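Asks: Protein sequences, first through last, are from chains W, D, E and C. The numbering used here applies: residue 1 is where the first sequence begins, and numbers increase by one. The numbering used here applies: residue 326 is where the second sequence begins, and numbers increase by one. The numbering used here applies: residue 651 is where the third sequence begins, and numbers increase by one. The numbering used here applies: residue 976 is where the fourth sequence begins, and numbers increase by one.
Since the hints were made in silico from the structure, they are not lab data. Quick caveat: nothing in here was measured; it's all calculated off a predicted structure. Please note that the accuracy of each hint is not assured.
[Claimed, not checked] No more than 25 Å apart at the CA atoms, straight line, and that leaves these computed lysine to any residue pairs for SDA-like: (1) 761/E - 1108/C; (2) 472/D - 794/E; (3) 147/W - 466/D; (4) 797/E - 419/D; (5) 630/D - 642/D; (6) 1122/C - 758/E; (7) 761/E - 1065/C; (8) 797/E - 458/D; (9) 147/W - 1085/C; (10) 948/E - 974/E; (11) 1273/C - 1221/C; (12) 1273/C - 1065/C; (13) 298/W - 1017/C; (14) 897/E - 794/E; (15) 436/D - 382/D; (16) 147/W - 1017/C; (17) 147/W - 1240/C; (18) 797/E - 1119/C; (19) 472/D - 1115/C; (20) 147/W - 1108/C; (21) 761/E - 1048/C; (22) 797/E - 223/W.
[Stated by the list, open to error] If you anchor each label on the Cβ, the simulated ranges turn out as follows: (23) 563/D - 145/W: 57 to 67 Å; (24) 145/W - 495/D: 39 to 49 Å; (25) 401/D - 312/W: 50 to 60 Å; (26) 794/E - 1013/C: 52 to 62 Å; (27) 401/D - 794/E: 43 to 53 Å; (28) 95/W - 363/D: 21 to 31 Å; (29) 1070/C - 850/E: 52 to 62 Å; (30) 114/W - 850/E: 32 to 42 Å; (31) 114/W - 495/D: 33 to 43 Å; (32) 145/W - 1062/C: 44 to 54 Å; (33) 640/D - 129/W: 26 to 36 Å; (34) 552/D - 724/E: 55 to 65 Å; (35) 495/D - 876/E: 49 to 59 Å.
Cβ coordinates follow ideal geometry from the N, Cα and C atoms, glycine included.
Protein chains: 4
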Amino acid sequence: MEYRRLGRSGLKVSALSFGSWVTYSNQLDGKQARECMAAARDAGVNFFDNAEGYAAGESERLMGQALRDLRWTREHYVVSSKFFWGLSDDPNVRHTLNRKYLLSAVDNSLKRFGLDYLDLIFCHRPDPNTPIEETVWAMHDIINRGKALYWGTSEWSAGQIRTAWDIAERHHLHKPVMEQPQYNLFVRQRVEQEFATLYADIGLGLTVWSPLASGALTGKYLAGIPKDSRGALKGYEWLHERLLDEKRTAAVRALKPIADELGCTLSQLAIAWCLRNPHVSTVITGASRAAQVVENMKALDVLPKLDDALAARMDAACAGAIDAL
Amino acid sequence: MEYRRLGRSGLKVSALSFGSWVTYSNQLDGKQARECMAAARDAGVNFFDNAEGYAAGESERLMGQALRDLRWTREHYVVSSKFFWGLSDDPNVRHTLNRKYLLSAVDNSLKRFGLDYLDLIFCHRPDPNTPIEETVWAMHDIINRGKALYWGTSEWSAGQIRTAWDIAERHHLHKPVMEQPQYNLFVRQRVEQEFATLYADIGLGLTVWSPLASGALTGKYLAGIPKDSRGALKGYEWLHERLLDEKRTAAVRALKPIADELGCTLSQLAIAWCLRNPHVSTVITGASRAAQVVENMKALDVLPKLDDALAARMDAACAGAIDAL
Amino acid sequence: MEYRRLGRSGLKVSALSFGSWVTYSNQLDGKQARECMAAARDAGVNFFDNAEGYAAGESERLMGQALRDLRWTREHYVVSSKFFWGLSDDPNVRHTLNRKYLLSAVDNSLKRFGLDYLDLIFCHRPDPNTPIEETVWAMHDIINRGKALYWGTSEWSAGQIRTAWDIAERHHLHKPVMEQPQYNLFVRQRVEQEFATLYADIGLGLTVWSPLASGALTGKYLAGIPKDSRGALKGYEWLHERLLDEKRTAAVRALKPIADELGCTLSQLAIAWCLRNPHVSTVITGASRAAQVVENMKALDVLPKLDDALAARMDAACAGAIDAL
Amino acid sequence: MEYRRLGRSGLKVSALSFGSWVTYSNQLDGKQARECMAAARDAGVNFFDNAEGYAAGESERLMGQALRDLRWTREHYVVSSKFFWGLSDDPNVRHTLNRKYLLSAVDNSLKRFGLDYLDLIFCHRPDPNTPIEETVWAMHDIINRGKALYWGTSEWSAGQIRTAWDIAERHHLHKPVMEQPQYNLFVRQRVEQEFATLYADIGLGLTVWSPLASGALTGKYLAGIPKDSRGALKGYEWLHERLLDEKRTAAVRALKPIADELGCTLSQLAIAWCLRNPHVSTVITGASRAAQVVENMKALDVLPKLDDALAARMDAACAGAIDAL
């Protein structure tokens, strides 16, 4: 496994990490979760991404149980949670980053996990209805109380991240260290353009999600939505349009020969492509079976073969399918 | 229910809230308190205002018991207390905002409530004998120790609030977020004029009290002081003059036709009028019976009908009865 | 009793307070200590001064026991300790204000007192071998951890106090609030001259000690050292020279007619004189019998009679006996 | 024993201190450790140096047990640990000063020692892969939580130390107080030249290690590596070259007559030479037998005899053997 610094911080995360979004609870039971995490650990994965909102808290419970079952030394793994969506419709719980919500959300998350502290906590989305200063103070206080080690954001704009960092610098508070943006061959403008100055200026690290564009880059949906795929799950109808998008499917077809040349799957190619970006600290992958974890990890073997010429061919293949900022 | 941000903060409070001043203990027992709070909760009220000094601590005890009886999730309600008057004549307890008093007052309040933390704490009046810096530090330390989430002031001048905010900004301490001023058709100069620059400059929020001018705006006192009214309570003789003030009773009589036109009570009209002010985060209402709570809440239905023309007629009706700053 | 603000702070201390130096343990047992403190409390005294070094910790133990015996509400009294001399010869205990010493000294003092927190803590003397910044940080941390409420100095120079205040302002730490200097008719230059700018600039409060110049101002030593006086105690031989100093005894003889005119004792006159200084927050008095406490308190009745003309006569009486700075 | 301030701080450390590197666990059992520490204590030593990495944690356990066995008052001794090497190969444990590692490393160290707090904690080496700001914050938080009293560095460059100090000053955090460099007749450039401005500018204190250059300055290795010496221990083969270095052995031979003139051993002469440097707060010595401790302490008797002329002769003797910076 390759380990990368989380941005400018001293924390080392495995270049490939394991996220529990969707797959836990909805599709996974405790045994499968433990097997996936054991496979990930055996492959050298040390970062496990989670969020309060994944499966309404059940994902944190399953992961906490699996960590205990695996008898893993606390110092050796990095676990995250994210806060914003909230687990009820209350105006101070749903869609907020206010102090009241954040302080209890972390306590509740720790209880579900059965942990004393989280390694990383993320503001899961920006909240236009809470001043960034209030959120920065709450994040600082959580870290100051020993309940988390580092904090960051997810799907914030460059301006919002910079504002948070500046407030923390001015008031001598713990600064945001990382951002969790979507990043894949189709969605790349924010990471490559909008965030450009943040890497050098504030040392932003990235824990990117959706390397396979919700599965579109697996090639699984080239002939429609298979019955046993995530796209066919109840509640995921909103994904159909993007999964079957014509420009995207054309791009996937154009990528296939490159994967074949490298002797890898489309998924491995897409994941390896994310890893080429030096600002990416880790690519979060998902899996519902241990074998799938092992498959994903092979992207690391693809990485050294993915030279500039091949990357240029991949860019050309996707040219028409890249989302505007 | 409409929810508003508490000033610039991310905390959402119900536009109408429930205060326990006077009504608790003096007039209410535990069962009535619980019924009033249940009715308020059912109407969507999430903010419950209290103070150490209300019924000498008994008000906090009753409210704490009611919250437990209602088995309400802690994250879903916002509860306040206020400190300044003190519960004994000791020179470091009576009429002070010094560090010694504030630190033990909060602990004592939490014990009476049976809570781990308060959401809002107020400096109940300014204390000319304690430097504002000392009070700001004490408020910060209370929040830093997790015993409260936000702090503010009550009946402070614009200059005092601004001084507190500036000290907090300079020393990187938690800033005051809200002020609790008297605000009603008769008492409005401070909110509308003196505080004017504070809304944009520091994002001050208002939790206003006395929307009915101690009952004068209910119309109840037009023909003198009824025997079963608060004005007739022992210890409230000081209210008589204001309740029976000629200019005020004339104004109330002039407001009556407007209420009739809108098909609402004078009280509902007066409360709705307060809500028109966008700087008002919440209007604190009182009640000694659940039915009264329900009545008060109907002010929310009046609000959309209260257009600029009607508001101008209300201003005209009260013109002679508005207190000078 | 008159209560005065402790300098610019909001804490109110009784103009006359009770100190346990010398009298405890050496001369007093638990019963006498309790009786003296009860008499002081009955007279309205709310500040009880102490130090780690008084009777090697025994003074704190006796005072803590007396406070428990008197079942006094914690909010209603103000208790102090002081640190510097240390209770052993260890280089990090004896004569130091370093972080290591201060942090454990406070813990040890709280254990002896049986208290959760001290109201005031003093740096008992300046320590030229510890940077003032280290001492300020330790004082701040002690207050921040809730083990004390305010901190100050004793027998520090104006420059040292100002340096401590400036460091605290620059690093956003709790500032020194009070100084405990010697102050009496013979020793007054520091309080009246050296500290002059500190009162307005930083709001320094004074808790002055030795209002009777170790007893010289009682008149007790005019005819030598009586066998039952403190001056005759073993270990106080160093006092003899000052107690029998010719210029001082001449001054005491010249003050006697003024005391007689006012119908008070020399002690009461000397204590009242200290209280005339508006920068004095409290005058610390000692006593080994309850009756003596009552006697001392009568200085408060003398104060209003001590007009400028009488004070000028007192100055003249002492003119030759005032210590140089 | 002579006690020196740890740099500009108020902490006093014995000029000679006792370090447990190598000797503990590898060569020492619990009884020997206790005897060595008892001998050191009897000689007035109050500083005991340790590190997480010494004998993989066993050194801290043995020292903690010895301190308990000796029933030593906590205030009277100063104990250190150091963090960087880590006790496993995990990327967030091995060779790092990141927040995650430091916070748990201190907790683990306290558990091994059986102590509530450490006096001194050192960053055992600089970590180019963690921003100094992250390390400074972690050190501050550890001190702020009461788990250590002072922090410093070991084998950092002047620029790195200064950077850490500046960050702490800017963000109002606890500053580094001391550095633990190698310092002896052969390795002196950093202490004497590179650090020169730090003594006055930031008041850096030094706790120097290896006063005998891994034993070379004992004269023990003049005729090769004796079988019972540390140089013959398994795992210390890397030392051989330096121990047998020709220029060094020539220097040792040239120092011998000076030691003879002073009537002391070569070791005592080398240790005394370190103590001549006023920036050295303490020289850390090692021993595996109590008698050796006693021998080392005699360096203090040599110190007053070591005048400038003799020191110049020592410089001349070593001239060819001094390491370049």
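Asks: State for each hint whether it applies.
Replies: The hints, checked one at a time:
Between residue 761/E and residue 1108/C the CA atoms are separated by roughly 38 Å; this puts the pair beyond 25 Å, and the hint is violated. For the proposed pair residue 472/D and residue 794/E, the alpha carbon gap of about 14 Å is at most 25 Å, so the pair holds. Distance check on the hinted pair: residue 147/W and residue 466/D sit about 19 Å apart at the alpha-carbon level, within 25 Å; holds. In summary, the hint linking residue 797/E to residue 419/D is supported, as the alpha carbons are separated by about 23 Å, within the 25 Å threshold.
Restraint check for residue 630/D and residue 642/D: the C-alpha separation of about 18 Å stays at or below 25 Å, so the hint holds. Restraint check for residue 1122/C and residue 758/E: the C-alpha separation of about 18 Å stays at or below 25 Å, so the hint holds. Of the pairs offered as hints, the one joining residue 761/E and residue 1065/C is violated, with about 43 Å between alpha carbons and a cut-off of 25 Å exceeded. A C-alpha spacing of about 20 Å is found between residue 797/E and residue 458/D, which places the hinted pair at or below 25 Å, so the restraint holds.
Pair hint residue 147/W plus residue 1085/C holds up; C-alpha atoms about 20 Å apart against a cutoff of 25 Å. Between residue 948/E and residue 974/E the alpha-carbon distance is near 30 Å, which puts this suggested pair outside the 25 Å criterion. Distance hint between residue 1273/C and residue 1221/C is unfulfilled; the C-alpha atoms sit about 28 Å from each other, more than 25 Å. Restraint check for residue 1273/C and residue 1065/C: the C-alpha separation of about 44 Å exceeds 25 Å, so the hint is violated.
For a cut-off of 25 Å, the pair hint linking residue 298/W to residue 1017/C is broken: about 63 Å separates their Cα positions. For the suggested pair residue 897/E and residue 794/E, the alpha carbons sit about 48 Å apart, so the restraint of at most 25 Å is broken. Among the hinted pairs, residue 436/D with residue 382/D is consistent with the structure: their alpha-carbon atoms are about 10 Å apart, no more than 25 Å. As the CA atoms of residue 147/W and residue 1017/C are separated by approximately 44 Å, the hinted pair breaks the 25 Å bound.
The suggested pairing of residue 147/W with residue 1240/C is violated, with an alpha-carbon distance near 55 Å, which exceeds 25 Å. About 14 Å separates the Cα atoms of residue 797/E and residue 1119/C, which keeps this hinted pair within 25 Å; it holds. For the hint linking residue 472/D to residue 1115/C, the alpha-carbon distance of about 24 Å falls within 25 Å, and the restraint holds. Under the criterion of a C-alpha separation no larger than 25 Å, the hint pairing residue 147/W with residue 1108/C is consistent with the structure, at around 20 Å.
Of the pairs offered as hints, the one joining residue 761/E and residue 1048/C holds, with about 16 Å between alpha carbons and a cut-off of 25 Å not exceeded. Among the hinted pairs, residue 797/E with residue 223/W is inconsistent with the structure: their alpha-carbon atoms are about 70 Å apart, more than 25 Å. Between residue 563/D and residue 145/W, the C-beta spacing of about 46 Å breaks the proposed range 57 to 67 Å. Taken as a hint, the range 39 to 49 Å is violated for the pair residue 145/W and residue 495/D, whose Cβ atoms sit roughly 24 Å apart.
In this structure the hint that residue 401/D and residue 312/W lie 50 to 60 Å apart at CB holds, the actual value being about 55 Å. Roughly 38 Å separates the CB atoms of residue 794/E and residue 1013/C, a value that falls outside the hinted 52 to 62 Å. Range check, residue 401/D to residue 794/E: Cβ separation about 32 Å, and the 43 to 53 Å hint is violated. At about 27 Å, the CB distance of residue 95/W to residue 363/D agrees with the hint of 21 to 31 Å.
Judged by the Cβ atoms, the range 52 to 62 Å given for residue 1070/C and residue 850/E holds: they are separated by roughly 56 Å. A C-beta distance of roughly 57 Å is found between residue 114/W and residue 850/E, which places it outside the suggested range of 32 to 42 Å. About 42 Å separates the C-beta atoms of residue 114/W and residue 495/D, a value consistent with the hinted range of 33 to 43 Å. At roughly 27 Å, the beta-carbon separation of residue 145/W and residue 1062/C lies outside the given 44 to 54 Å, and the hint is violated.
As the Cβ distance of residue 640/D to residue 129/W is approximately 31 Å, the hint placing it in 26 to 36 Å holds. Distance hint check for residue 552/D and residue 724/E: the Cβ-Cβ separation is about 44 Å, which falls outside the suggested range of 55 to 65 Å. Checked against the hint of 49 to 59 Å, the C-beta distance between residue 495/D and residue 876/E comes to roughly 57 Å, which is consistent with it.
Violated hints for the displayed structure, listed by number in ascending order: 1, 7, 10, 11, 12, 13, 14, 16, 17, 22, 23, 24, 26, 27, 30, 32, 34.
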